[in-house]
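Just so you know, the protein sequences line up as chains P and E, in that order.
Note that our numbering gives residue 174 to position 60 of the first sequence, counting from 1, and the numbers run on in steps of one.
Note that our numbering gives residue 421 to position 408 of the second sequence, counting from 1, and the numbers run on in steps of one.
I should point out that these hints are in silico values taken from the structure, not numbers from a laboratory.
Possibly wrong hints are sitting among the right ones.
[Unchecked claim] Within a straight-line C-alpha distance of at most 27 angstroms, the following computed BS3-like cross-link-like pairs (lysine-lysine) qualify:
1) K151/P - K290/E
2) K307/E - K371/E
3) K336/E - K163/P
4) K288/E - K145/P
5) K145/P - K336/E
This structure is a prediction, so every number in the text was calculated from the model and none was measured.
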Amino acid sequence: MISPNLPSSSLTKCIVYFYDGNSCTFYSLDKTHKRSKPNKALGIRRLDKMLLLGKLKGSWETAIIYENLLNGKEIAKYKNGVRLF
Amino acid sequence: MVTKAPPPIRPYYDFSMLFKATKTFIDHHNSTHHQLTERLNSNHRATAELITRLYAKQLNHAVVLGEDLTEALPGFKTFNPSLATCKGCTVRTIINHKERLKAAGFIIKELHRGKAGIELWINPSIFTPKKLSTSPDHLHSHSSHIQSILIDKVKNFPPLVQEQQEQKNNNSTVDMLIPSEKGVRLSAHRAHTNFVTGTRQEQNKNTRESRPSDSKKQTRGAKKMRQNELESAFLLQLVRDFWAYARGILFTELMLSPAEEAEILNHIWASVYRKFKIKGSKKDLQGYQEILYKRVDMVSRYLERNPNRWVAPPHLYFHPDNKRNGFNKTYQWFIKQETLKREIRNQILIQKSEQEWKDHNQGKGIHKHKSRLQLFRIQQQRLSSYTDECLLKAYEKSLQRMLLKPIAI
Chain P
115 MISPNLPSSS LTKCIVYFYD GNSCTFYSLD KTHKRSKPNK ALGIRRLDKM LLLGKLKGSW
175 ETAIIYENLL NGKEIAKYKN GVRLF
Chain E
14 MVTKAPPPIR PYYDFSMLFK ATKTFIDHHN STHHQLTERL NSNHRATAEL ITRLYAKQLN
74 HAVVLGEDLT EALPGFKTFN PSLATCKGCT VRTIINHKER LKAAGFIIKE LHRGKAGIEL
134 WINPSIFTPK KLSTSPDHLH SHSSHIQSIL IDKVKNFPPL VQEQQEQKNN NSTVDMLIPS
194 EKGVRLSAHR AHTNFVTGTR QEQNKNTRES RPSDSKKQTR GAKKMRQNEL ESAFLLQLVR
254 DFWAYARGIL FTELMLSPAE EAEILNHIWA SVYRKFKIKG SKKDLQGYQE ILYKRVDMVS
314 RYLERNPNRW VAPPHLYFHP DNKRNGFNKT YQWFIKQETL KREIRNQILI QKSEQEWKDH
374 NQGKGIHKHK SRLQLFRIQQ QRLSSYTDEC LLKAYEKSLQ RMLLKPIAI
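Between the sequences and the hints, there should be enough to build the whole structure, so can you do that?
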């Protein structure tokens with residue numbers, strides 16, 4: 115079951131800038147099940163999969179994965195379907 | 014013209030100064046309290062010194078990190094079990110010692126923080142930051158203070174420890190610190206260091222006997238810890254080296270975040286190295302590392318042979334539960350390859366020996382002047398150097414084929 119308050123519980127978030135000018139923030143789901151230990155790497159992999167293989171594929175220009183903290187660091191950056199770092 | 018203000022002097026907590034301050038404090042306390050239940054014995058002294066040492070280390074570290082300690086000193090954060098381990102005693106002993114030190118005023122406050130351990134505040138008279146240069150006046154006042162304490166120590170109490178006359182150290186500087194012209198009322202035998210009646214209340218006598226063992230324990234523990242640290246650093250380096258090698262060969266274009274990389278390293282540690290549960294020497298581990306590199310090379314050759322071949326992404330490839338297409342399966346490949354290599358080597362060796370027999374029978378080759386027995390000995394010696402049972406058995410069979418054939422005909 116997905117947590118009702120994902121923005122406060124997620125370890126990472128992904129801000130996506132679409133070709134049509136919109137932008138959207140997606141929060142990672144870091145657990146394999148409700149009571150499991152959060153796994154940051156799993157959350158990042160899931161966001162990566164969403165961007166490159168999932169429903170958002172081909173619709174965005176830039177996507178940045180951040181730590182879900184105040185002034186969180188950039189973890190990964192994508193441009194036109196290519197991971198830059 | 015604007016003059017630059019001098020940079021603030023960073024305080025440094027020198028252990029030798031703190032040690033002296035601790036000693037002075039405890040000696041002073043002991044000189045004013047005569048009941049055994051109030052006094053601080055050598056063990057309490059050792060605990061106090063341990064606390065001082067660790068606290069100084071913590072403060073110096075905080076200073077290096079740039080914390081400002083000029084206004085108020087932070088407490089000494091620690092755990093009772095860790096203190097007990099450092100000192101080589103039980104937790105209960107540490108608690109008892111802390112109580113005694115609190116009663117003596119050495120520890121002024123203690124806070125229990127549950128999981129985060131305890132926080133102790135030490136008497137500020139010990140932890141006032143000392144200037145780097147000491148003026149002669151300061152030294153003088155300090156020495157006079159020590160002298161006054163030493164003078165106070167002359168009491169007519171029976172000794173705590175039976176003193177042997179032979180054990181007295183005539184070279185001890187302690188005696189020399191007490192000036193005879195000060196007019197201290199000493200016993201008549203004072204000059205000959207005979208304390209049958211006027212026993213010096215020498216707390217140090219106790220410490221001298223117990224301290225070496227304490228310090229030995231501590232250094233032994235520290236040595237062990239350092240060794241463990243070195244060993245774990247070596248093992249960690251093995252895992253990192255393996256991942257760097259595998260990444261360079263199998264996952265060249267992969268970009269990973271630190272969290273993902275850490276997860277992969279954990280997987281490698283669990284699946285490839287089996288959490289280092291199997292103990293071995295450094296040489297064994299390096300040998301195993303070489304085998305792992307060979308296995309990675311085998312995988313890369315496997316991929317090169319056909320463009321349609323692939324390996325799973327690293328978090329799956331090195332996952333301990335991946336029984337289907339994980340890296341662990343390459344061990345079977347390696348065993349198979351090594352067995353094949355050995356079989357081929359054995360075949361070549363047997364063929365060589367057979368050729369030598371043929372040449373010998375025809376009176377050719379380098380062994381033509383040797384007898385059959387000598388040739389057999391040479392070959393046997395050469396083959397036994399490989400320490401392979403299969404090779405020796407195959408050699409026996411080949412001998413039977415080569416030598417018994419003409420007789421059968």
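Evaluated hints:
Annotation: proposed proximity of K151/P to K290/E holds, straight-line Cα distance about 24 angstroms (limit 27 angstroms). Taken as a hint, the K307/E and K371/E pair is broken in the structure, with Cα atoms around 39 angstroms apart against an allowance of 27 angstroms. Of the supplied pair hints, the one linking K336/E and K163/P holds, its CA atoms being roughly 24 angstroms apart against a limit of 27 angstroms. The hinted pair formed by K288/E and K145/P meets the criterion: a straight-line CA distance of about 24 angstroms does not exceed 27 angstroms.
For the given pair, K145/P sits about 23 angstroms from K336/E by alpha-carbon distance, which is consistent with the 27 angstroms threshold.
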